[in-house]
Amino acid sequence: MNSSLERARKIRTGGVYAFFIIGSIIMIFPFVWMFLTSFKTVEESMIVPPTILPQSWQIKNFTDAMASLPFFSLYKNTILMIIWRVVCAVAFSSMAGYAFAKLNFKGKNILFSLVLIQMMLPSQIFITPQYQMLAKVGLTNTIFALVFPGLVSAFGTFFLRQSYMGIPDEIAEAAYLDGCNQWQTFYKVMAPLTTASMAALAVFTAVFAYGDLMWPLIVNTDLKMMTLSSGLATLRGQFSTNFPVMMAGSLLAMIPMVVLYLFFQKQFIEGVAMTGGK
Amino acid sequence: MVKASKHAKSESMWAYIMVAPTIIGLLALNIYPLIDTIKLSFSKTLPFGLYELKGIQNYVQMFASPEFWRANMNTIYFCVLTVPIGIFLSLVVAVMLNTKIKGQTAFRAIFFLPMVVAPAAVAMVWKWMFNTEYGIINTILAHKVNWITDANIVMITCAIVAIWSAIGYDAVLLLSGLQNISKSYYEAASLDGATKMQQFFHITLPMVSPTLFVVLIMRLMASIKVYDLIYMMIEESNPALTSAQSLMYLFYRESYVTGNRGLGSSVVIWTVALIGLVTVVQFVGQKKWVNYEV
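First to last, the protein sequences are chains A and B.
At position 71 of the first sequence (counting the first as 1) the number is 54 in the numbering used here, and the numbers step up by one without a gap.
At position 205 of the second sequence (counting the first as 1) the number is 222 in the numbering used here, and the numbers step up by one without a gap.
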């Protein structure tokens, strides 16, 4: 009896492992194939059946990709866009989230309904007027244009409001009685208590800004002002049949975020799980 | 008393200062553009970025366009292909991740990996693997399937990539729902002799249904808005473009390739209405299967 139960459990554990090993291969293989292809010559990439390892490891695809796309500018633009969007989202959403959660003021519900309206609507509904506003003042093809739709974050406001609501009022009252004014209570006492939520919002904002394609494609058409995502879209147009170069370009575009992910894997996953549902 | 009212005054002053950046931003970046998009959808697009209010012309043109109806069908087809299978697979992964096994965190990280890779890069490698002549998938299948260019298959190809991309994200959300289920339910059920299958259907599924509902709504909305993946997989010159063009792809092409932003805006408004309708249906339907009792 006992040994048959034991056996059933072993079989089940074996099944779970088999599932995960097959699943992991399916999840990782595309990246392995991207890596291997990026070192092959075009001729080698067209051999049927394909070679697994490159016959000789070519770095020409990487130099070709870097010759047709200004990768250093793309990295720089993407990093600046992400930093600004994260800083704006975290700073402004913290302030507004705190006020909506903890302070009393007239018109609070009406103002908060603006936040909810924005959250419920897909971003594409704002794109054309946002683009036209920038075009009118000649600010397309700038870093500011990349950051523009992310200057404030309705989702961030909503999310941080939730986490401020989870902090007892007594803490703010104690700080106030200790002589802090409203700003000091917020900045020195309350905000530090939401560090985990701020980090989650930062990760969420960064991951989505990095992957965003439509906005950078529309607003920054100058090759030097593109992001990694929109740059890749351009590379696709230039090398439509040269897959090794496209794999090299994709690899260059994905490496920074994947490296960050390897180091901060737990924060990434927990950050996204916390903000989940958006 | 005097002090209390002074306190209240300073409190509301600080509140206005603190919400000001967000509210000003929302008004300028979202509320004004929202109104402007609605206005544009009723306007004729003139050269030099000018518009003229023209009534419902854009909508008439949109509803008369076969390409628009095709885009609707494509979008719905994409949702039908991705949402049920994607959520089922995510739930399976989440349940597996919730078992006590070694390497659980590593497996979770692997499934989550596509989330941190830009969809543009993801689409590129899949396009290469699905290549008809030299792609590894056709080599393995020993068949020359036109994954990207066959009008009947292209949407299935996009759906496979979409499911593969989202599975880890949805599984992580579902996993946090699973972890909130108290172990005592399972212990009680085991004592009563319930099998693992019975436990799954009578404890796990009802208890995780609120999270499942959130993931379903989110995934459905994201699928209706699908754009980047299809844009990267299917270029302008692809003969199967009209069979894969989603509503948001149509919006992009109409507004920024053809340059008819008025018509493009009508497409967005229509899509938002569609999302609203689907969400309402979901919220009504949830009463039948989502369990909020703890």
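None of these hints come from the bench; they were simulated from the model.
Don't take each hint at face value.
Selected chain B positions facing chain A (in silico; Cβ < 8 Å) [what the hints assert, rightly or not]:
hint, residue
1, Ile48
2, Asp53
3, Glu69
4, Val142
Since this is a predicted model, take the numbers as computed values, not measurements.
The beta carbon of each residue, even a glycine, is placed where N, CA and C say it ideally should be.
Determine which of the earlier numbered hints do not hold for this structure and return their numbers in increasing order.
Checked against the structure, the only hint that fails is number 3, while the rest are satisfied.
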